[in-house]
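Spelled out from the first residue to the last, the chains are:
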Amino acid sequence: MNLPTPRHCFALAGIAGFTLVSACSTVKTVERAEPVGQRQMVNDKRVITDASLNRGVRIVGVNEVPGEFLKIQVELLNTTGSLKSFNYRFEWFDANGVQLNSPTSVYVSRSIEGKESTFISATAPTPSAKDFRLKLIESTR
Amino acid sequence: MKSPTSPRALLALGSASLLLAGCASPQATYVDPGGPRTITTVGRINIQDYANAADTMVGSLIDGVINAGKLEAPGGQPAMLAISRIANNTGQHIDTDMLVKKIRVALNKTGKVVTTTTIGLGGQAEDPLAQGIKQQSEFLQDKKNTRLPDYSLSGKIIEQRERAGDVRQSSFVFQLSLTSKAGVAVWEDEKTITKQGTKPTVGF
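These protein sequence lines are chains A and B, in that order. Numbering of the first sequence is given in my numbering, commencing with residue 1 and proceeding in unit increments. Numbering of the second sequence is given in my numbering, commencing with residue 1001 and proceeding in unit increments.
In isolation and in its complexed conformation, chain A is listed as follows (with noise of 0.2 Å):
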């Protein structure tokens, strides 16, 4: 059996890397540096129970659009270099906490690329809707 030689130790490094870096491709952006829209914030409360998760996609903030029905919208942004995919849903209550269901509430997958920032957004199915919650889960595939 031949053993590598040094030259074919470089060659296999070389492809390594190579594959390496175009796995970490990641976003850049570029925005207006004083947008001329100025969002709703509101403020939230996590419950993190994935840590893996809350690395790879994290919530950077909570807007809301005034209106008859409730327009929730939050950012994202993927901290890591690597595409990462999750699923994620919207959970809508009315004024006395009691949830509304909705023939169309569903999880929905999403993936997200290396440093990339994006939002997700729901309108409340109705106007009785006054509070959210927001569910994010690691894609099981």
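Since the hints were made in silico from the structure, they are not lab data. Just so you know, even glycine gets a beta-carbon here, dropped at the ideal spot from N, CA and C. There is no bait here: all hints are sound.
Away from chain B, derived, C-beta distances all over 12 Å, residues of chain A:
1) Ser25
2) Val60
3) Glu75
4) Glu116
Taking lysine-lysine and the DSS-like style, the derived pairs with C-alpha atoms no more than 30 Å apart in a straight line are:
5) Lys130/A <-> Lys1191/B
6) Lys71/A <-> Lys130/A
7) Lys1191/B <-> Lys1181/B
8) Lys71/A <-> Lys1195/B
9) Lys1070/B <-> Lys130/A
10) Lys1109/B <-> Lys130/A
11) Lys1181/B <-> Lys71/A
With chain A fixed as given, assemble chain B onto it according to the hints.
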């Protein structure tokens, strides 16, 4: 004579109990249809895809029409919606009510929109009995009081497939339009769901 509690006998007993326990394991389990553990297949529209598309469409309708105060209905009543053609341009047989019914239920729950079940495409009522009752009622009363739908909902579901080596990709495009009595599409939106894989997998 060997004792029945010899190590070999115990091993056999243990194996048999494991085998029995294995046979007794459940073959089917209930899963939350809106949860993350539903089956996902590349080539088909799965149940979570309909709910996802419907959720996007309802949210868009609320944002663009209802919350924007653009919904028009006589006398402050909920707007009346009629369901028009939802064309299936995919390669699979699908019941478009998997999408449309979810949207109807969600819109109904807003308290701003109701759907007629007596006026349908080509005169075909969703509820023939209700249509008969309505016609008799109109015959006995003044027909001028008959209320016509304020809006109609139409759309199309399109499928696009791609393949590169072992990787298969399917995109399902859900397109919907809300048309007013004046014949103007006052709201339109599109939701694309793209799935990629090499074989059916569990979860998203």
